[in-house]
Amino acid sequence: DTEVTQTPKHLVMGMTNKKSLKCEQHMGHRAMYWYKQKAKKPPELMFVYSYEKLSINESVPSRFSPECPNSSLLNLHLHALQPEDSALYLCASSQVGTVPNTIYFGEGSWLTVV
Amino acid sequence: QKEVEQNSGPLSVPEGAIASLNCTYSDRGSQSFFWYRQYSGKSPELIMSIYSNGDKEDGRFTAQLNKASQYVSLLIRDSQPSDSATYLCAVNTEGYSTLTFGKGTMLLVSP
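Chain order of the listed sequences is A and B. Going by the numbering used here, the first sequence opens with residue 12, and the numbers climb by one from there. Going by the numbering used here, the second sequence opens with residue 1064, and the numbers climb by one from there.
Hints listed in this document are in silico derivations from the structure and should not be mistaken for laboratory results. Don't take each hint at face value.
Claimed, not checked - In silico DSBU-like cross-links for lysine-lysine, where the CA-CA straight-line distance does not exceed 35 Å:
hint	chain 1	residue 1	chain 2	residue 2
1	B	LYS1105	A	LYS30
2	A	LYS47	A	LYS33
3	B	LYS1105	B	LYS1065
4	A	LYS47	B	LYS1166
5	B	LYS1166	A	LYS30
6	A	LYS64	B	LYS1065
7	A	LYS30	B	LYS1130
Stated by the list, open to error - Incomplete in silico selection of chain B near chain A, CB under 7 Å:
hint	residue
8	SER1075
9	TYR1134
10	SER1136
11	LYS1166
Stated by the list, open to error - Residues of chain B clear of chain A, computed beta-carbon distances all greater than 12 Å:
hint	residue
12	LEU1074
13	PRO1077
14	GLU1078
15	ALA1080
16	ASP1090
17	GLU1108
18	SER1115
19	GLY1117
20	GLU1120
21	GLY1122
22	THR1125
23	SER1132
24	ASP1141
25	PRO1144
26	THR1161
27	PRO1174
Glycine residues also receive a C-beta, built at the ideal position from the N, C-alpha and C atoms.
Excised from the complex, chain A in its bound form (with noise of 0.2 Å):
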């Protein structure tokens, strides 16, 4: 079993909602990510957060608003989606600064934006 644990699994919201994903670690990791995936796509990366602090941002639209309230804890606020949106989204967790260092990913969260 995981030990990064994301809620909710699933998520339908409007364009006009606003609503959070949630991601929680208890590994000990300083270093906390979300992804996006499309279907048939591999994982893309949106946000990397390292001790709390947000080191990459990959030009992630502002409809998409990460927050790290504290080291276990990792939050992706949502506002204003579009449709094409909907995708898996995946929190993950690390170390940071060891070899190798090894990315560990939640169960994600399926977002439907209609």
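Let chain A serve as the given structure and place chain B on it in line with the hints.
Chain B only, in chain A's frame:
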């Protein structure tokens, strides 16, 4: 541009055979290499990691790395129908372990 290349497949093998999955990468500075298995509708699950040249074995799985040739492979011995999935090759290219993924190879193991 850092690239990771995989054959998209499907790679079809009979049950009990050896499945060989291959991956090449473009960035010579890459440090760590990972194989993830992803079942349809599920999240990626780590199968193997490797960072030194040579072979690394874990049960029915063997990862092979050749940095000179910029090549990494995954061998699955005694393939089972439950191994049918998409296998993603991923390469660590940055200090914060951001991964560059290949497009994945679909493996089909027939009974």
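Failing hints, ascending? 7, 8, 9, 10, 17, 18, 26
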